[in-house]
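Input sequences plus hints: build the corresponding full structure.
2 protein chains.
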Amino acid sequence: MLAQLPRTQEIPLAEWTHSMQRSVLRQMIAVVSRPGILSFAGGLPDPALFPTADYAAALAHVLATDPKALQYGMPFAPLKQHIVQLMAQRGVVCTEEQVFLTTGAQQGLDVLARLLLDPGGEVMFEEVVYTGAQQVVAPFLPRILPVSTDLAEGMNVDEVEDYMVGGARPSFIYTIPDAHNPLGVSLSQERRERLVELAVAYNVPIIEDDPYGLLQYGDWRLGDWETERFQSPSLPNRRLAISQSLPLRALNDSHVFYLGSFSKIMAPALRLGWIVAPEGLVSKIAVVKEAEDLESSALTQRAVAAYLDGGHLPAHLAILRREYGRRRDAMLAALYRYFPAEARWTEPQGGMFIWVELPAEMDAAALLDTAVTQEKIAFIPGHAFSIPGHHVHNCLRLNFSNCTEAMIEDGIKRLARIINYEL
Amino acid sequence: MLAQLPRTQEIPLAEWTHSMQRSVLRQMIAVVSRPGILSFAGGLPDPALFPTADYAAALAHVLATDPKALQYGMPFAPLKQHIVQLMAQRGVVCTEEQVFLTTGAQQGLDVLARLLLDPGGEVMFEEVVYTGAQQVVAPFLPRILPVSTDLAEGMNVDEVEDYMVGGARPSFIYTIPDAHNPLGVSLSQERRERLVELAVAYNVPIIEDDPYGLLQYGDWRLGDWETERFQSPSLPNRRLAISQSLPLRALNDSHVFYLGSFSKIMAPALRLGWIVAPEGLVSKIAVVKEAEDLESSALTQRAVAAYLDGGHLPAHLAILRREYGRRRDAMLAALYRYFPAEARWTEPQGGMFIWVELPAEMDAAALLDTAVTQEKIAFIPGHAFSIPGHHVHNCLRLNFSNCTEAMIEDGIKRLARIINYEL
Chain A
847 MLAQLPRTQE IPLAEWTHSM QRSVLRQMIA VVSRPGILSF AGGLPDPALF
897 PTADYAAALA HVLATDPKAL QYGMPFAPLK QHIVQLMAQR GVVCTEEQVF
947 LTTGAQQGLD VLARLLLDPG GEVMFEEVVY TGAQQVVAPF LPRILPVSTD
997 LAEGMNVDEV EDYMVGGARP SFIYTIPDAH NPLGVSLSQE RRERLVELAV
1047 AYNVPIIEDD PYGLLQYGDW RLGDWETERF QSPSLPNRRL AISQSLPLRA
1097 LNDSHVFYLG SFSKIMAPAL RLGWIVAPEG LVSKIAVVKE AEDLESSALT
1147 QRAVAAYLDG GHLPAHLAIL RREYGRRRDA MLAALYRYFP AEARWTEPQG
1197 GMFIWVELPA EMDAAALLDT AVTQEKIAFI PGHAFSIPGH HVHNCLRLNF
1247 SNCTEAMIED GIKRLARIIN YEL
Chain B
847 MLAQLPRTQE IPLAEWTHSM QRSVLRQMIA VVSRPGILSF AGGLPDPALF
897 PTADYAAALA HVLATDPKAL QYGMPFAPLK QHIVQLMAQR GVVCTEEQVF
947 LTTGAQQGLD VLARLLLDPG GEVMFEEVVY TGAQQVVAPF LPRILPVSTD
997 LAEGMNVDEV EDYMVGGARP SFIYTIPDAH NPLGVSLSQE RRERLVELAV
1047 AYNVPIIEDD PYGLLQYGDW RLGDWETERF QSPSLPNRRL AISQSLPLRA
1097 LNDSHVFYLG SFSKIMAPAL RLGWIVAPEG LVSKIAVVKE AEDLESSALT
1147 QRAVAAYLDG GHLPAHLAIL RREYGRRRDA MLAALYRYFP AEARWTEPQG
1197 GMFIWVELPA EMDAAALLDT AVTQEKIAFI PGHAFSIPGH HVHNCLRLNF
1247 SNCTEAMIED GIKRLARIIN YEL
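Top to bottom, those sequences are chains A and B.
First residue of the first sequence? That's 847 in our numbering, and the numbers climb one at a time after it.
First residue of the second sequence? That's 847 in our numbering, and the numbers climb one at a time after it.
No lab work stands behind these hints: they were computed from the structure.
Hints may be right or wrong, so weigh each one.
Label pairs and their computed distance ranges (CB to CB) [unchecked claim]:
#1 923(B) - 1065(A): 36 to 46 Å
#2 942(A) - 923(B): 33 to 43 Å
#3 867(B) - 1035(A): 41 to 51 Å
#4 1064(A) - 1233(B): 54 to 64 Å
#5 879(B) - 1211(A): 53 to 63 Å
#6 1267(A) - 966(B): 48 to 58 Å
#7 873(B) - 1015(A): 31 to 41 Å
#8 1235(B) - 1233(A): 37 to 47 Å
#9 914(A) - 868(B): 18 to 28 Å
#10 942(A) - 895(B): 30 to 40 Å
#11 1222(A) - 966(B): 44 to 54 Å
#12 1215(A) - 1007(B): 49 to 59 Å
#13 867(B) - 1015(A): 22 to 32 Å
Backbone N, C-alpha and C fix where the C-beta goes; we use that ideal spot for every residue, glycine too.
In structure tokens:
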């Protein structure tokens, strides 16, 4: 008899959910995270490099001494002071009043989208962009103004200007100027200056996402073996100046929202980040954030502050830079050694990712299938990061932060074997 | 010369921000949290009752033994299993697949609004409602369908039906059926059943917010002194049955989204809550949540699971129920003892709040000024919780969870002195 009852109607959902997509990236990561796979797919820092013992001590200290550690509370001012100092290391002068704490940089981005973007509004993205940025704007069903990215110098700022001259006024421009995810490129100094000038001239704010700004390793130094191939015109970005560029926020504080994060310099499970905002907008940001999750954990705020009080971070960052720098070097060396001459790749100054362009006739999605099946190697095909309508079928994102140098050498060699076979 | 430079233009913000308001509640709490104030204003659990040592041990254990504790990761299945068991204590049968972890119940509410509500859409709220619900929908510039609330039996479900019969189909109905914030009332069993029937019949989902469901103290038992006044017609809600009602989710799993939280039963700084959702919608909820903050802290998920593994919660809940129950009793006794006969109040079965209606000629905002200045007593005037256009000038919300019984007796006595003087 039960079968004759009417089926329950489906609950009506918001309009935007009809075009909702699970992050292609996250879907893929689930697939390629199976045991036995050597994965260059994720965007994970290496848990062996987390400051686990020092952070555990900081947590224990705070819980033993601070009666406010587990309660609701105001943003923890001593943590903001530390962030002001971290920003100074990045070359950014800011005040505590401009620093706003968030539950990770992803929340910072989400809060700013809600502050700046109207339903059906416009945003400016690079054609190949961090997937989390696409997810944040999806509920607004926005029009995306696409800008291409040069693999040596970053976002093509000429195109930004063309849009503005043509009358476009997107609600914001989103970019990762240093060690771009997924492209690995850093924006050139000259383009940074022009981008900020455009933002001010046309009154369009920039969201500067900087998860890797404190993870910069300098230029890769070629070994003897690679030097033979040093002149190859196929290698982009290899003459980038070693000098580190300043964040956009260092150039302007009226139109740049800077997003920082403890996820990559300490650990992701802290879920703690910050915005450095134009000061007049901090109180409005607070209203948006409060609606999202009331506040970020008082315990985490205090424990991170206690960790930073202990003075552990500089030595920890030195270790991360050395280790991740070696892994970047190992991956670049292996790419030079094993990948076909027709391939091109970025040489990141920092961060966690190298972007590889294979010959146009190759399909990265098909390659992934073969790589996983035959060699148990995984990566993310570039199309996972492309905005709708933009096609990058022949590109891969390779992560180098969560494998040893030996695994990188071995994995790139095996991946190259398949590519060379398919070519 | 600098003065002659053009002033920087203001960055254009999203339309809804022009009507943005800082939560009146949070503004007031900042004012009344000054030292020396005896505050019934906040909504804070008592930090002296947090399971600090046991949670610190759980954190230390997890950090020492679980290499995934600080990394990005999938939702922690053992925690979901514990939540299924907690829900069973509430009389709700659910599965792990229906449980979705959130960064506090506030995020659960925010995620559901984004899933269900379109810009300019409709939501159904009680006229006096948790401020966080109003903040969550504000960016949608929604039309609010107001429903009144009976102080003895809760939301007036007849009005819900009238709307539905009249053709209204709000995106959701929001309510706190048990120990309502700020009203302290619990929805009667008969109204629960009717509300769920209406939700199914008209295909309108309910968001059941249940932060206090595990903090129920039974009926208040009148002491000898109060018994004299027991027959007063001015006392609402005093004959409520002791039997605890089942959550709406126990009555229906197709149209009820249940919001749970560890904030009140363990500690707010965990920032950990959950949704029990219609199962077919969990994957969509996951997409919305991922955009907001990627994921909730792996460390917190594991540490709370370890705390629950330790079997500490039942004894801890027993302490909370005993202590908060005594404070509720102390506040009700003091209200009977000192407040004027013209005043009415709710007698909450649980939670943290008592709602007081003063005679209509009194103004709670003016009373707050006098109370803070003359007696250093604080509370929240009822209008902080009213939806736009609804006026509750003569009501107060009193919190009893974060004061000792002696402070409650003293504070209510002093507050009554002012009220009696003003009458």
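Structure-based check of each hint:
no. : hint                          : in the structure
1   : 923(B) - 1065(A): 36 to 46 Å  : holds (44 Å)
2   : 942(A) - 923(B): 33 to 43 Å   : holds (40 Å)
3   : 867(B) - 1035(A): 41 to 51 Å  : holds (42 Å)
4   : 1064(A) - 1233(B): 54 to 64 Å : holds (57 Å)
5   : 879(B) - 1211(A): 53 to 63 Å  : holds (56 Å)
6   : 1267(A) - 966(B): 48 to 58 Å  : holds (56 Å)
7   : 873(B) - 1015(A): 31 to 41 Å  : holds (33 Å)
8   : 1235(B) - 1233(A): 37 to 47 Å : holds (42 Å)
9   : 914(A) - 868(B): 18 to 28 Å   : holds (22 Å)
10  : 942(A) - 895(B): 30 to 40 Å   : holds (32 Å)
11  : 1222(A) - 966(B): 44 to 54 Å  : holds (51 Å)
12  : 1215(A) - 1007(B): 49 to 59 Å : holds (56 Å)
13  : 867(B) - 1015(A): 22 to 32 Å  : holds (27 Å)
Violated hints for the displayed structure: none, as all numbered hints are satisfied.
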